[in-house]
Amino acid sequence: KAGVTQTPRYLIKTRGQQVTLSCSPISGHRSVSWYQQTPGQGLQFLFEYFSETQRNKGNFPGRFSGRQFSNSRSEMNVSTLELGDSALYLCASSLDSGGDGYTFGSGTRLTVV
Amino acid sequence: QKEVEQDPGPLSVPEGAIVSLNCTYSNSAFQYFMWYRQYSRKGPELLMYTYSSGNKEDGRFTAQVDKSSKYISLFIRDSQPSDSATYLCAMNYGNNRLAFGKGNQVVVIP
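If you read the sequences in order, they're chains A and B.
Residue 87 in the numbering used here sits at position 87 of the first sequence, and the numbers go up by one each step.
Residue 8 in the numbering used here sits at position 8 of the second sequence, and the numbers go up by one each step.
It cannot be assumed that every hint is accurate.
As the list claims (entries may be wrong) - Among the chain B residues that face chain A by a calculated CB cut under 8 angstroms, a handful are:
| no. | residue |
| --- | --- |
| 1 | K42 |
| 2 | E45 |
| 3 | L46 |
| 4 | L98 |
Said to hold, decoys possible - The list that follows gives simulated cross-link-like pairs (lysine to aspartate or glutamate, DMTMM-like), each with its CA atoms no further than 25 angstroms apart:
| no. | chain 1 | residue 1 | chain 2 | residue 2 |
| --- | --- | --- | --- | --- |
| 5 | B | K42 | A | D96 |
| 6 | B | K67 | B | E5 |
| 7 | B | K2 | A | D85 |
| 8 | B | K56 | B | D78 |
| 9 | B | K56 | B | E15 |
| 10 | B | K70 | B | E3 |
| 11 | A | K57 | B | E3 |
| 12 | A | K57 | B | E5 |
| 13 | B | K42 | A | D85 |
| 14 | A | K57 | B | E45 |
| 15 | B | K56 | A | D96 |
| 16 | B | K67 | B | E57 |
| 17 | B | K42 | A | E75 |
| 18 | B | K67 | B | E3 |
It should be emphasised that the hints constitute simulated quantities derived from the structure, not laboratory data.
Cβ coordinates follow ideal geometry from the N, Cα and C atoms, glycine included.
Isolated chain B, as found in the complex (with noise of 0.2 angstroms):
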């Protein structure tokens, strides 16, 4: 079993519809999470930091964490065109090791 789990597919939305996006991890010793955006031919782009259990808010952007059940979300409201990339969570505890989901390719059509 993979670290972190992060479905893959892809996902199309019609613009100013809310994104979802989740993932699960296996290791209880996570306690920094993260979601990068990663545009074609860039590298990943850090998008929202969190370390406590809850939802921070960040413009059209939420996180939410559940340390209980493993379980970590993105939320981006009013999706713009401009939103269409791959999102990536990622995690670690503390050290420079990020483990990373596969990655959902989001595509926002105007």
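Bound-form chain A, shown alone (with noise of 0.2 angstroms):
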């Protein structure tokens, strides 16, 4: 079956402008989530996503939202880049609660100039 897929895979943006990054989740997952990564901070968590609606929000700034389509796909928003928001960018889809169904893409690889 296919797996989480995220697009693009690489992005460069300059400081101030917005980006969108997509995730696919696998067919029939209804939960996405999404995390950052950092070489300085590791995975951390952004939100989660569960049939359309926001299920749990990490600390991160207003400037990162997401959304979630009636399809399970879902978005993720930065507003205002810095360069601090270079970082992989991952979503991991599962079917409900816990970490043993948790799937993860390849990442979006962000780089703010």
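Fit chain to chain and form the complex, with the hints in mind.
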């Protein structure tokens, strides 16, 4: 079966711009979570969407937002980009809660210049 | 103090050696414990999942959890060059908000 698909794989943006990243979960998975991975902080939880509703939120500023569509596909948006937003952004999907059914995509590498 | 501590130092071992990795955590509410493996330019993939204290084996991999000490370990026996990757511990309390360690880069030298 198809895995979690993230697009684009690579992105270069300028400070102050905004960016939208996309995640298509495994078919049938209703939960999509987003993480930021940097060398300094490791993997940090951004937010989780389940059935189009934000169910959990991490400790990131309001510039980071997301949404989920009725087909479970999710997007995350970062506005007013800062250099420190350069990171690998990962999404993971699962049927519902719990860690054992969690599948990650390969991520979007965002570079802010 | 971070919720999950994993000494992020790299680890180089000869092929066939035992790899030992560990994490400590501070939140006693954590109930589910995982180890992920991440290859370069890929997302993490789940290796081991456990929710009770004690050992769990899966082939060459053993996950160990000690809830009283808030300490988890991963052992890789008979390590292979294909095991070269970054290993991340993760944990949660039943929701989809995972707390991760920073990861250990493991290199298995042929």
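Taking the hints in turn, this is what the structure says about them:
| no. | hint | in the structure |
| --- | --- | --- |
| 1 | K42 | holds (5 angstroms) |
| 2 | E45 | holds (7 angstroms) |
| 3 | L46 | holds (6 angstroms) |
| 4 | L98 | holds (6 angstroms) |
| 5 | B:K42 to A:D96 | holds (23 angstroms) |
| 6 | B:K67 to B:E5 | holds (15 angstroms) |
| 7 | B:K2 to A:D85 | holds (20 angstroms) |
| 8 | B:K56 to B:D78 | holds (17 angstroms) |
| 9 | B:K56 to B:E15 | holds (23 angstroms) |
| 10 | B:K70 to B:E3 | holds (11 angstroms) |
| 11 | A:K57 to B:E3 | holds (16 angstroms) |
| 12 | A:K57 to B:E5 | holds (21 angstroms) |
| 13 | B:K42 to A:D85 | holds (19 angstroms) |
| 14 | A:K57 to B:E45 | holds (22 angstroms) |
| 15 | B:K56 to A:D96 | holds (24 angstroms) |
| 16 | B:K67 to B:E57 | holds (18 angstroms) |
| 17 | B:K42 to A:E75 | holds (19 angstroms) |
| 18 | B:K67 to B:E3 | holds (14 angstroms) |
Checked against the numbered hints listed earlier, the structure breaks none of them; every hint is satisfied.
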